[in-house]
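Asker: Single-letter residue listing:
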Amino acid sequence: MALLEVVDVSKTFPGVKALDGVSFTLQPGEVHALVGENGAGKSTLIKVLTGVYQPDRGEIHYQGQPRSFAAPMDAQRAGISTIYQEVNLIPLMSVAQNLFLGREPRNAVGMIDRGRMEREAREILAEYGVTADVRRRLGTLPLGAQQMVALARAVMIDARVVIMDEPTSSLEPREVQTLFSVIRRLHGQGIGIVYVSHRMDELYEICESVTILRDGRLVHTGRLADLERIELVSLMLGREMSEVRRQGFTEFGGDHETPEGAGPVLRVDGLTSRTKLHDVTFDVRPGEVVGLGGLLGAGRSETIKAIGGAYPLDGGTVEVDGVSLKRPTTERAVKAGIAVQPEDRKAEGIVAGLSVRDNIALAVLSKTSRFGIVSDARIDEIVQRYMSRLRIKASGPDQRVGDLSGGNQQKVLLARLLATGPKVLLLDEPTRGIDVGAKAEVQSLIEELAAEGLGVVLVSSDAEELVEGSDRVVVLRDGAVVGHLTGDRVTTEDLMASIAAAAPESPA
Amino acid sequence: MTTTTIKTRPTDLSRVRTWLPEYGVYLAIALLIAYNIVFTPYFLTVSNLRIQLIQVAPIVIVALGMALVIGTEGIDLSVGSVMALAAALIPLYLGYGVVAAILASLVAGLAVGLINGLLVARVGLQPIVATLALFVGGRGLAVVVSDGKLKDIRNPGMLYLGSGDLFGLPVLVWIAAALVLVVAFVVRRTVFGRRLLAVGGNRPAAELAGLPVKRVLITVYVTCAVLASIAGLLSVARIQSSDASAVGLLIELSAITAVVVGGTPLTGGKVKVVGTVAGAILMQLVIATMIKHDLGPSTAEMAQAVIILVAVYVARERTTR
Amino acid sequence: MNVRSNRSRAAVLLGTVLFAAMSGACAKSEEPASTAGAGSAPAATQAVQSAAPGAATCTLDQFGGTKVDLKTAKVGFSQSEKEANPFRIAETQSIQDEAAKLGITNLTTTNANSQFNKQISDVEQMIDSGVQLLVIAPLNSDGWDSVFAKASAKKIPIVTIDRKINATACKDYLTFIGSDFAEQGKRAADEMAKALGNKGEVAILLGAPGNNVTTLRTSGFKDQIAKIAPDIKVTFEQTGNFSREEGQKVAEQLLQSNPNINGIYGENDEMALGAVTALKGAGKKAGDVKIVSIDGTKGAVQGIVDGWINAVIESNPRFGPLAFETATKFFAGEPVGQDIIISDRAYDASNAKTDLNSAY
Chain P
1 MALLEVVDVS
11 KTFPGVKALD
21 GVSFTLQPGE
31 VHALVGENGA
41 GKSTLIKVLT
51 GVYQPDRGEI
61 HYQGQPRSFA
71 APMDAQRAGI
81 STIYQEVNLI
91 PLMSVAQNLF
101 LGREPRNAVG
111 MIDRGRMERE
121 AREILAEYGV
131 TADVRRRLGT
141 LPLGAQQMVA
151 LARAVMIDAR
161 VVIMDEPTSS
171 LEPREVQTLF
181 SVIRRLHGQG
191 IGIVYVSHRM
201 DELYEICESV
211 TILRDGRLVH
221 TGRLADLERI
231 ELVSLMLGRE
241 MSEVRRQGFT
251 EFGGDHETPE
261 GAGPVLRVDG
271 LTSRTKLHDV
281 TFDVRPGEVV
291 GLGGLLGAGR
301 SETIKAIGGA
311 YPLDGGTVEV
321 DGVSLKRPTT
331 ERAVKAGIAV
341 QPEDRKAEGI
351 VAGLSVRDNI
361 ALAVLSKTSR
371 FGIVSDARID
381 EIVQRYMSRL
391 RIKASGPDQR
401 VGDLSGGNQQ
411 KVLLARLLAT
421 GPKVLLLDEP
431 TRGIDVGAKA
441 EVQSLIEELA
451 AEGLGVVLVS
461 SDAEELVEGS
471 DRVVVLRDGA
481 VVGHLTGDRV
491 TTEDLMASIA
501 AAAPESPA
Chain F
1 MTTTTIKTRP
11 TDLSRVRTWL
21 PEYGVYLAIA
31 LLIAYNIVFT
41 PYFLTVSNLR
51 IQLIQVAPIV
61 IVALGMALVI
71 GTEGIDLSVG
81 SVMALAAALI
91 PLYLGYGVVA
101 AILASLVAGL
111 AVGLINGLLV
121 ARVGLQPIVA
131 TLALFVGGRG
141 LAVVVSDGKL
151 KDIRNPGMLY
161 LGSGDLFGLP
171 VLVWIAAALV
181 LVVAFVVRRT
191 VFGRRLLAVG
201 GNRPAAELAG
211 LPVKRVLITV
221 YVTCAVLASI
231 AGLLSVARIQ
241 SSDASAVGLL
251 IELSAITAVV
261 VGGTPLTGGK
271 VKVVGTVAGA
281 ILMQLVIATM
291 IKHDLGPSTA
301 EMAQAVIILV
311 AVYVARERTT
321 R
Chain H
1 MNVRSNRSRA
11 AVLLGTVLFA
21 AMSGACAKSE
31 EPASTAGAGS
41 APAATQAVQS
51 AAPGAATCTL
61 DQFGGTKVDL
71 KTAKVGFSQS
81 EKEANPFRIA
91 ETQSIQDEAA
101 KLGITNLTTT
111 NANSQFNKQI
121 SDVEQMIDSG
131 VQLLVIAPLN
141 SDGWDSVFAK
151 ASAKKIPIVT
161 IDRKINATAC
171 KDYLTFIGSD
181 FAEQGKRAAD
191 EMAKALGNKG
201 EVAILLGAPG
211 NNVTTLRTSG
221 FKDQIAKIAP
231 DIKVTFEQTG
241 NFSREEGQKV
251 AEQLLQSNPN
261 INGIYGENDE
271 MALGAVTALK
281 GAGKKAGDVK
291 IVSIDGTKGA
301 VQGIVDGWIN
311 AVIESNPRFG
321 PLAFETATKF
331 FAGEPVGQDI
341 IISDRAYDAS
351 NAKTDLNSAY
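Line order of the protein sequences matches chains P, F and H. In this text, residue positions in the first sequence follow full-length UniProt numbering: the first is 1, and each later residue adds one. In this text, residue positions in the second sequence follow full-length UniProt numbering: the first is 1, and each later residue adds one. In this text, residue positions in the third sequence follow full-length UniProt numbering: the first is 1, and each later residue adds one.
Keep in mind that a hint or two might mislead.
[To be verified] Below, in silico cross-link-like pairs of lysine-lysine (BS3-like), each with a Cα-Cα straight-line distance of 25 Å or less:
hint: 1; chain 1: H; residue 1: Lys280; chain 2: H; residue 2: Lys194
hint: 2; chain 1: H; residue 1: Lys353; chain 2: H; residue 2: Lys280
hint: 3; chain 1: H; residue 1: Lys118; chain 2: F; residue 2: Lys149
hint: 4; chain 1: H; residue 1: Lys233; chain 2: H; residue 2: Lys199
hint: 5; chain 1: P; residue 1: Lys335; chain 2: F; residue 2: Lys214
hint: 6; chain 1: H; residue 1: Lys82; chain 2: F; residue 2: Lys149
hint: 7; chain 1: H; residue 1: Lys285; chain 2: H; residue 2: Lys194
hint: 8; chain 1: H; residue 1: Lys154; chain 2: H; residue 2: Lys171
hint: 9; chain 1: H; residue 1: Lys71; chain 2: H; residue 2: Lys150
hint: 10; chain 1: F; residue 1: Lys214; chain 2: P; residue 2: Lys326
hint: 11; chain 1: H; residue 1: Lys155; chain 2: H; residue 2: Lys74
hint: 12; chain 1: H; residue 1: Lys353; chain 2: F; residue 2: Lys149
hint: 13; chain 1: H; residue 1: Lys329; chain 2: H; residue 2: Lys71
hint: 14; chain 1: H; residue 1: Lys74; chain 2: H; residue 2: Lys164
hint: 15; chain 1: F; residue 1: Lys270; chain 2: P; residue 2: Lys367
hint: 16; chain 1: H; residue 1: Lys164; chain 2: H; residue 2: Lys118
hint: 17; chain 1: H; residue 1: Lys171; chain 2: H; residue 2: Lys150
hint: 18; chain 1: H; residue 1: Lys194; chain 2: H; residue 2: Lys233
hint: 19; chain 1: H; residue 1: Lys150; chain 2: H; residue 2: Lys74
hint: 20; chain 1: P; residue 1: Lys346; chain 2: P; residue 2: Lys17
hint: 21; chain 1: H; residue 1: Lys199; chain 2: H; residue 2: Lys280
hint: 22; chain 1: H; residue 1: Lys194; chain 2: H; residue 2: Lys284
hint: 23; chain 1: H; residue 1: Lys74; chain 2: H; residue 2: Lys101
hint: 24; chain 1: F; residue 1: Lys149; chain 2: H; residue 2: Lys280
hint: 25; chain 1: P; residue 1: Lys335; chain 2: P; residue 2: Lys367
hint: 26; chain 1: P; residue 1: Lys346; chain 2: F; residue 2: Lys214
hint: 27; chain 1: P; residue 1: Lys47; chain 2: P; residue 2: Lys17
hint: 28; chain 1: H; residue 1: Lys171; chain 2: H; residue 2: Lys118
hint: 29; chain 1: H; residue 1: Lys28; chain 2: F; residue 2: Lys149
hint: 30; chain 1: P; residue 1: Lys367; chain 2: F; residue 2: Lys214
hint: 31; chain 1: F; residue 1: Lys270; chain 2: P; residue 2: Lys346
hint: 32; chain 1: H; residue 1: Lys199; chain 2: H; residue 2: Lys227
hint: 33; chain 1: H; residue 1: Lys329; chain 2: H; residue 2: Lys154
[Claimed, not checked] Residues of chain H placed beyond 12 Å of chain F at every Cβ, according to the derived structure:
hint: 34; residue: Leu102
hint: 35; residue: Ala167
hint: 36; residue: Pro335
Hints in this document: simulated from the structure, not taken from any laboratory. Virtual Cβ for every residue (Gly too), placed ideally from N, Cα, C.
Start from the sequences, fold in the hints, and give me the full structure.
Answerer: Written as structure tokens, this is what we have:
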């Protein structure tokens with residue numbers, strides 16, 4: 001009998017079908033990998049399992065019974081626990097208090113029995129490899145140990161199912177091994193584990209089965225051992241969609257002409273940042289589109305931001321047209337001709353409360369002003385030019401950007417970047433979350449800009465888009481460059497092979 | 001019949017919801033004025049207009065600066081202390097003349113603003129914490145500077161600022177009006193004003209767009225403190241004495257109230273200059289009405305509380321829409 | 001990173017230094033300070049109202065203390081409020097001056113800055129440090145039990161001045177020296193009635209709400225007006241919080257909407273002075289509206305000289321001489337009164353000019 005079974009579940013949010021007829025089965029004592037790129041529906045599925053969301057359609061069976069969880073507390077009481085990336089405990093309380101929060105052992109007069117609580121906490125945590133003093137405040141423990149406490153707490157509440165959402169993202173390699181031994185023990189106790197991660201090596205080490213989601217749909221479920229890495233990656237990234245796309249989905253054409261003998265417009269050398277980036281080096285020539293490939297968390301967005309001066313660096317240099325940016329800040333980067341389109345449009349891109357005009361003119365205010373006073377005539381000229389060139393659909397330049405569609409918001413953002421007259425354009429997921437028509441428009445715009453001689457760096461989780469849009473692809477994994485695809489090798493097959501290649505010994 | 005009512009009602013309601021936060025404050029002022037015209041003797045007179053404008057002027061000046069700070073998603077608690085500091089320095093420097101005394105108090109505002117701005121923009125403290133330091137320390141310093149004593153002001157130039165007339169209106173009111181125009185112009189027409197709104201609307205986006213975010217923030221806090229010091233020196237001129245322990249007491253609350261009631265959201269990205277002035281006038285009218293009808297101070301406070309709650313509630317409606 | 005935070009730290013420091021510089025050496029005031037001068041002027045000492053026969057007294061035997069020579073004794077004085085108003089300045093000054101005069105070298109003075117907890121701990125610390133006489137200007141009338149317990153264990157006599165504490169005299173504390181606030185209000189009413197010729201409309205500028213000084217000065221005034229001049233109507237009572245600015249604001253509003261008001265009673269001098277500024281702003285002339293107030297500060301007495309204020313009832317803050325005189329008598333074994341009510345003077349046009357220097 002399956003421990004937890006989800007049958008044909010759908011969940012729609014305004015404008016997005018987050019889950020579309022997804023089924024999923026978890027056996028007792030099974031470690032089941034749940035994978036997919038951003039927006040594939042993983043987190044929605046987890047939230048349906050834990051009672052955060054109610055599915056629009058479909059059923060949940062738990063221990064053989066049809067169940068519905070009205071709230072996260074319901075699911076938790078029934079024995080479904082979730083361990084999130086960031087620990088959901090109280091950092092200012094002691095380890096023991098956290099472990100027993102709400103279920104503290106009482107003595108004869110009903111007072112909390114501290115001695116017993118601490119003794120039991122010590123015994124329990126020892127099994128999880130945590131040897132720290134249980135009277136210490138939780139916040140003073142290393143993150144890995146905190147995660148173990150969270151896990152111990154989850155299992156103590158008599159959990160039958162534990163969902164782990166990227167549990168290793170902030171752990172040291174040694175801590176990962178401790179986590180795995182705990183998982184193996186839970187497995188032995190018949191507890192079912194849903195394991196969400198992007199790290200191939202971990203998945204193959206610890207998981208027995210896998211369910212792959214893409215665009216809210218189930219694309220594959222089965223034993224993990226039967227699936228080669230490359231197949232897993234191709235399923236995640238949507239290789240089989242390529243036929244559809246060939247019929248006119250991407251607007252990207254062939255390779256771009258690079259002026260003979262022109263030096264690189266952007267040279268990135270040895271970018272290093274604590275744990276996130278390790279010696280990232282590449283360059284971009286004018287008129288060239290260089291793709292940054294890799295899975296989620298490989299360091300693509302960090303690289304883009306670091307080049308734009310918005311990510312702290314411990315080392316490395318950025319050169320535009322042969323001129324080095326000393327101590328890069330966003331202000332200097334923009335002045336040097338670098339334009340960054342961030343991945344999260346709403347949080348870091350548009351200013352939703354301001355008008356289309358103000359958003360487009362934002363970065364060129366000083367250019368369109370005299371003595372600090374803005375000239376609306378000059379601004380309107382620029383705004384008009386880009387609104388018509390990018391075909392921005394708004395009721396007029398005065399409309400609030402927050403009221404536009406995702407595609408038009410993205411175009412407004414691109415208009416702002418182009419208005420600065422950049423030499424290098426860094427695009428992080430330029431077509432994510434926008435409709436098909438706008439996607440095609442944005443893609444052909446990138447083509448056009450490259451043809452005009454801009455250097456473009458493109459990040460896309462859509463393998464097709466990346467491969468067709470880029471002249472070269474730099475592949476990143478764990479913050480380091482692990483591959484470089486040029487010429488005939490710029491294909492989805494080569495990209496996936498490069499991404500899936502087994503990691504060398506994990507960096508110490 | 002029934003179908004038509006059902007159809008029109010929601011649109012009417014939603015129209016009211018967008019209209020109310022924008023213009024509710026003007027409606028409230030109109031209602032209060034109408035009430036006073038009917039029930040308050042000598043309300044519709046020039047002398048009354050003068051008094052209300054004179055009394056509201058310092059609050060308007062402080063609220064202008066506060067509106068800018070709130071526009072960046074910040075808050076400045078130290079304005080009352082800045083007023084006290086400015087007030088404390090006036091009698092100390094009046095020996096050199098009016099101009100010197102005014103300059104001294106403006107420099108004090110500049111210094112406080114610089115500290116606030118650096119703490120917020122560079123050190124990265126939350127505005128409420130950063131400005132709390134000088135909210136507490138500033139007034140203490142002012143009391144020390146002034147020796148804890150109330151000092152009478154007799155310099156004619158200083159007194160002219162507080163009680164003189166120019167073209168039939170008090171100088172004080174002219175100054176406040178001029179500052180309103182300047183701030184309105186800055187917000188609408190200058191690079192700094194537009195950058196301020198972008199920083200308040202979405203700071204990471206403003207940063208990525210290459211705006212000098214820190215410089216904008218520091219300038220905003222300096223502007224706010226300098227405006228507060230202007231309000232402080234004008235208060236001294238009006239009361240004809242300098243009392244560091246009393247000048248500007250609790251004005252930060254009046255200023256924040258004026259800004260919020262005037263329709264500027266605390267979430268930043270928007271600054272309503274005229275609304276802020278209207279907010280200050282509304283609160284002034286409430287107090288005037290209470291005094292003229294001899295109601296107790298607690299009644300006035302409760303009325304103010306109700307107005308604030310309504311303003312905040314109305315603003316909430318807009319964000320959840 | 002480090003460079004940056006150092007720079008901002010330096011800037012913050014610079015700001016602080018700037019303040020220090022501005023408030024220090026290069027300042028130049030409008031004129032030599034004229035508002036102070038509590039020390040040098042021929043100060044009016046407090047006089048005791050003739051005590052009713054048979055009023056309770058207290059002797060050293062009753063209290064159970066030991067004889068102490070004040071000259072060598074350790075004496076503590078606890079001030080309640082910030083010395084931002086003339087009353088508090090003069091009060092502290094008077095204690096310090098009198099101690100100096102008597103040759104008391106070991107005087108500790110603390111200021112609670114209007115925080116009651118601070119006053120309690122101030123006093124407790126002084127007790128711990130071994131003071132033999134305590135003079136307290138209490139911020140609150142209640143909440144002194146812990147202090148009394150400590151003081152009575154060591155048999156330290158406490159003289160409370162200007163505000164009374166709700167406790168037993170001659171046991172918890174030795175004696176209270178202060179004014180009768182209701183009496184002050186009553187005398188203000190007499191002056192107001194005289195100034196108005198027993199007819200007119202009067203507005204009251206109330207002190208801080210919930211303060212017993214406010215309550216007593218209001219009830220004393222209103223009761224007396226009702227008794228002696230029923231044709232005077234109190235038409236407005238609005239708080240000015242004992243502050244000049246608020247007194248001015250409220251007076252401006254009142255005068256504008258009620259041109260009939262011909263008398264203003266300020267429950268302290270500061271508010272009355274605010275009202276004077278308001279009157280000037282409204283284009284009134286001195287004497288158009290009669291003003292009576294309480295306290296007797298120099299500014300208000302000057303107001304009488306200038307013709308804007310009709311009368312000021314004094315609330316004498318110079319407790320020094322009387323407090324130490326009482327203590328000396330007590331340690332000498334003589335009986336002292338448990339409730340020493342001082343007689344406050346009054347200023348009007350007849351004596352303002354000559355007595356200006358004795359105002360504080």
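Asker: The structure should be examined with respect to each hint, and the outcome stated for every one.
Answerer: Against the structure, the hints come out as follows:
1. H:Lys280 to H:Lys194: holds, 23 Å
2. H:Lys353 to H:Lys280: holds, 22 Å
3. H:Lys118 to F:Lys149: Distance of about 22 Å is within 25 Å: holds.
4. H:Lys233 to H:Lys199: It holds: about 8 Å lies between the C-alpha atoms, which stays within 25 Å.
5. P:Lys335 to F:Lys214: Distance of about 17 Å is within 25 Å: holds.
6. H:Lys82 to F:Lys149: holds, 10 Å
7. H:Lys285 to H:Lys194: holds, 20 Å
8. H:Lys154 to H:Lys171: Status holds; Cα separation ~12 Å.
9. H:Lys71 to H:Lys150: holds, 24 Å
10. F:Lys214 to P:Lys326: Distance ~19 Å between F:Lys214 and P:Lys326 Cα, so the pair holds.
11. H:Lys155 to H:Lys74: holds, 14 Å
12. H:Lys353 to F:Lys149: Cα-Cα ~23 Å, so holds.
13. H:Lys329 to H:Lys71: At roughly 14 Å apart (the allowed maximum being 25 Å), H:Lys71 and H:Lys329 satisfy the hint.
14. H:Lys74 to H:Lys164: holds, 23 Å
15. F:Lys270 to P:Lys367: holds, 23 Å
16. H:Lys164 to H:Lys118: This hinted pair holds, its Cα atoms lying about 18 Å apart.
17. H:Lys171 to H:Lys150: holds, 12 Å
18. H:Lys194 to H:Lys233: holds, 14 Å
19. H:Lys150 to H:Lys74: Since the Cα atoms of H:Lys150 and H:Lys74 sit roughly 16 Å apart, the hinted pair holds (cutoff 25 Å).
20. P:Lys346 to P:Lys17: holds, 20 Å
21. H:Lys199 to H:Lys280: Distance of about 23 Å is within 25 Å: holds.
22. H:Lys194 to H:Lys284: holds, 21 Å
23. H:Lys74 to H:Lys101: holds, 15 Å
24. F:Lys149 to H:Lys280: holds, 24 Å
25. P:Lys335 to P:Lys367: holds, 11 Å
26. P:Lys346 to F:Lys214: holds, 21 Å
27. P:Lys47 to P:Lys17: holds, 15 Å
28. H:Lys171 to H:Lys118: Status holds; Cα separation ~24 Å.
29. H:Lys28 to F:Lys149: Judged against 25 Å, a Cα distance of about 16 Å means the pair holds.
30. P:Lys367 to F:Lys214: holds, 19 Å
31. F:Lys270 to P:Lys346: Within the cut-off at roughly 17 Å; holds.
32. H:Lys199 to H:Lys227: Answer holds: H:Lys199 to H:Lys227 is near 13 Å, not above 25 Å.
33. H:Lys329 to H:Lys154: holds, 20 Å
34. Leu102: Fine: 26 Å to the nearest Cβ keeps H:Leu102 off the interface.
35. Ala167: Given a closest Cβ separation of 30 Å, the condition holds.
36. Pro335: Answer for H:Pro335: holds, closest chain F Cβ roughly 39 Å.
Consistency with the previously given hints is maintained throughout, with no hint failing.
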